[in-house]
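If you read the sequences in order, they're chains F and D.
With this note's numbering as the guide, the letters of the first sequence map in order to residues 1 to 332.
With this note's numbering as the guide, the letters of the second sequence map in order to residues 1 to 545.
These are calculated hints, taken from the structure and not from any lab test.
In this text the structure is predicted, and so the values were computed from the model without any measurement.
Take the hints with a grain of salt, since some may be wrong.
Simulated restraints on C-beta separations [what the hints assert, rightly or not]:
| # | chain 1 | residue 1 | chain 2 | residue 2 | range |
| --- | --- | --- | --- | --- | --- |
| 1 | F | Gln200 | D | Leu429 | 50 to 58 Å |
| 2 | F | Val28 | D | Arg185 | 49 to 57 Å |
| 3 | F | Ile121 | D | His132 | 39 to 47 Å |
| 4 | F | Gly279 | D | Pro458 | 54 to 62 Å |
In silico BS3-like links for lysine-lysine, alpha-carbon gap of 25 Å or less [said to hold, decoys possible]:
| # | chain 1 | residue 1 | chain 2 | residue 2 |
| --- | --- | --- | --- | --- |
| 5 | F | Lys111 | F | Lys170 |
| 6 | F | Lys106 | D | Lys155 |
| 7 | D | Lys343 | F | Lys47 |
| 8 | D | Lys509 | D | Lys108 |
| 9 | F | Lys248 | F | Lys133 |
| 10 | D | Lys343 | F | Lys52 |
Just so you know, even glycine gets a beta-carbon here, dropped at the ideal spot from N, CA and C.
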Amino acid sequence: MFNNFPLWPAGASTNAGDVDALFIFLLVVTGLVTIAIFFLIVAFAAKYRRRKGVQAEQIEGSMPLEITWSVIPLGVFMVIFAWGAVIYFHERTPPRGSTEVYVVGKQWMWKLQHEGGQREINELHIPVGRDVKLIMTSQDVIHSFYVPAFRIKQDVLPGRYSYAWFHATKAGTYHLFCAEYCGTQHSGMIGQVVVMEPAQYETWLGGGPASGTLAQNGEALFQQLGCNTCHRSDVQGRGPNLVGVFGKPVMLEDGRTVVADENYVRESILNPTAKVVSGFKPIMPTFQGIVSEEQLNQLVAYVKSLNKPAAGVAGTPNLNNAETQNQNPKVQ
Amino acid sequence: MATATVIPVEREHYLNKEYGIRSWLLTTDHKRIALLYLLSITFFFFIGGFFALLIRLELLTPAGDLVQADTYNKLFSMHGQVMVFFFLIPSIPAVLGNFLVPLMIGAKDLAFPRINLLSWYLYVIAGLLMLHAMITGGVDTGWTFYTPLSTAFSKTQVIEAGLSIFVAGFSSIFTGLNFVVTIHRMRAPGMTWSRMPLFIWAHYATSVIQLLGTPVLAITLVLVVLERAFHLCIFDSTCGGDPLLFQHLFWFYSHPAVYIMILPSMGVVTEIIACFSRKRIFGYSFIAFASIAIAVFGFLVWAHHMFVAGISIYSALVFSLLSYSVAVPSAIKVFNWTATMYKGSITYTTPMLYAFGFIGLFTMGGMTGLFLACLGIDVHVTDTYFVVAHFHYIMVGGAVMGYLGGMHFWWPKISGRMYPEAWGRLAALIVFIGFNLTFFPQFILGYLGMPRRYWQYPAEFQVLNVLSTAGSTILAVGYVLPMVYFLWSMRYGKVASDNPWGAAGLEWKTASPPTTFNFDETPVVTWEAYNYDEIPAPEEVAVER
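Bound-form chain F, shown alone (with noise of 0.2 Å):
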């Protein structure tokens, strides 16, 4: 019977219980203060009904009361946007080292690619056990990738990258839903997030005929783009070096500073001029319409591994710092 009729959504993460907790906390305080207000008003309804010979008592208002009934649901209030705020906080900071996994919404389809190469649609193979980190965009409308196991969501929007992240806690099948109204097969554009266990998930990622990695596909392309004329690993080039970049900030011909996250790297390719790197000039043509987003994503792949010395190309090893990627708040 209750195979049909849940009351209670499956928790698959660790964000899962967290939203429970709060939620269940929210659950006892309104109802509580529910139930009080329509006992007051059936008990007074009742106690007060009309009566022959019996008038109303006229009362004016009651400051002590007003000021009680309005400070001690704000100070309730003030609980809940706390906690809702931690929580929330939590949920939009990947944390550093998370496996990264790039999704790209279309009307009706999520297509969603590993950092091995390993692609899929509407279907996302994760293990227990590790962050995951969803770098998101569309190719059309707006869309919301939507997990009600792991209680996250995020909507998926045409033209720049939006993130989710979570930590599996519980192997299963769990659903994947569009969350954004996208026109027709709205209701269509369904999927499942498979957790496995560790084993499982290696033998998973063993088995698909995955022919190179994002990185190694995105520097193909690199070159294929002819990228590399410019964007060359020494000082020589008419663009950036881009060795090492990824993550940290960027000083601008008009003298602002941008982190290079992945919405940069994505904003440089398809609308180059628009912010320039200090000492170079405004060249690079458009890549708008000639790279598809599954591209771009290998690009924006390859980039970022040009800071891990055993992935990149043979770089400036003293470039390669720390990755911070994860660390900045601008993002989305």
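Got chain F; can you put chain D on it based on the hints?
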């Protein structure tokens, strides 16, 4: 003025002064315009309700089987647009407010009677545009017109629907303008701000929102229309625009619009509770200023609709915090209404039953609003059925219950006839039960994770959806009943006295129905509002039968 118990048939009043279609279509009498609005919004209410029933029937089974996906999307889009812009926003202000604002402050009419008529004509033009858009293919963008879906992807009548709502917006602005000027300039001698009925305070606050908020919606819709027609790149990220800009502009109006819908209803409920408790309202000034506070703070919370839309963490924190500032005045109102009943002399008439229902459902709607303003919870439940349930508790449980309560309360004044009390109570009970059965299961569906605007859904959600659909059929009966007995009462109802409830307020000191210019001579107010200690309760408030 003595209360007349029998009204001579030949007495002249606003309904029988003139006859013929011209006398209605060219009227500048605020009471007749209120009735024109009543007819128009009732028409749209039943269209919107019909769409709602089709939506619920489709959701009876998990598979998308009753209608096509595109049809379903059009149904919920047009249900929302019709109900919000053509029923809820005009409902209480344009019908009850139009009828009562001049009466309650002792004026002959609104400040600008012709603008009042113009506002109805704009409403009709907007309504015809909307009907035309529906007939020629409908709209499938949701009532929210999110870009770039609405500007670049939808193949439906977005431009016409957008223009329709643009025009309806000006109808709303004119009503608000009229009320603000009327309340400032046309109060009877002695009717000071602190003696005004709280219904007037609520309408004043509402009008300010209509004046300040609606132009932003109008601008936003024009931008959508221009973007769609000429591709101006306002909301298109591939050429420098930003789809999120639309959401900011849209919610800057559409969140305060919720208060356009609920504040008048709060005003109605305040009048009803005072009358049927036979008491001065508890904390008059707190309820009055709570209305103003809601109108002001309501403009500062719009981005709480966008916590997962891609705004920064810090703006989300600010908007969550500010959202709770609206909750405080709402809570103050609920507590004051409850306290008003304390040591009262309470009768359970139909309007009072609706007022009880309003407090209960509005409280639940408000409490679940606390969940949604809370960042950590909102991420999980936004864009699910939890939100759908929440705003229906506010807009239907709150606004519509208040509207129906007000229609029953002032029906004797409007029509000069009493509605059948027993039927009235029965209908109120049916509405309450049907409403809760329809929408309570949706809270659970939402927390389980069922997204809104889904044409088909996983099988495990079916039981709760069946309950909801069952409730909606009960609710439909509850809505049809009053329409039937109101019509019946116009011919067969007991003739109403000038003040059948023994209510305070200037509108009860004139005839039922009032004459064209409301009062034979301008009233002079020497008493505070809700002076129920000075007014004898009628012997027979509720006719038992």
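Structure-based check of each hint:
no.	hint	in the structure
1	F:Gln200 <-> D:Leu429: 50 to 58 Å	57 Å, holds
2	F:Val28 <-> D:Arg185: 49 to 57 Å	50 Å, holds
3	F:Ile121 <-> D:His132: 39 to 47 Å	41 Å, holds
4	F:Gly279 <-> D:Pro458: 54 to 62 Å	55 Å, holds
5	F:Lys111 <-> F:Lys170	24 Å, holds
6	F:Lys106 <-> D:Lys155	17 Å, holds
7	D:Lys343 <-> F:Lys47	8 Å, holds
8	D:Lys509 <-> D:Lys108	14 Å, holds
9	F:Lys248 <-> F:Lys133	19 Å, holds
10	D:Lys343 <-> F:Lys52	14 Å, holds
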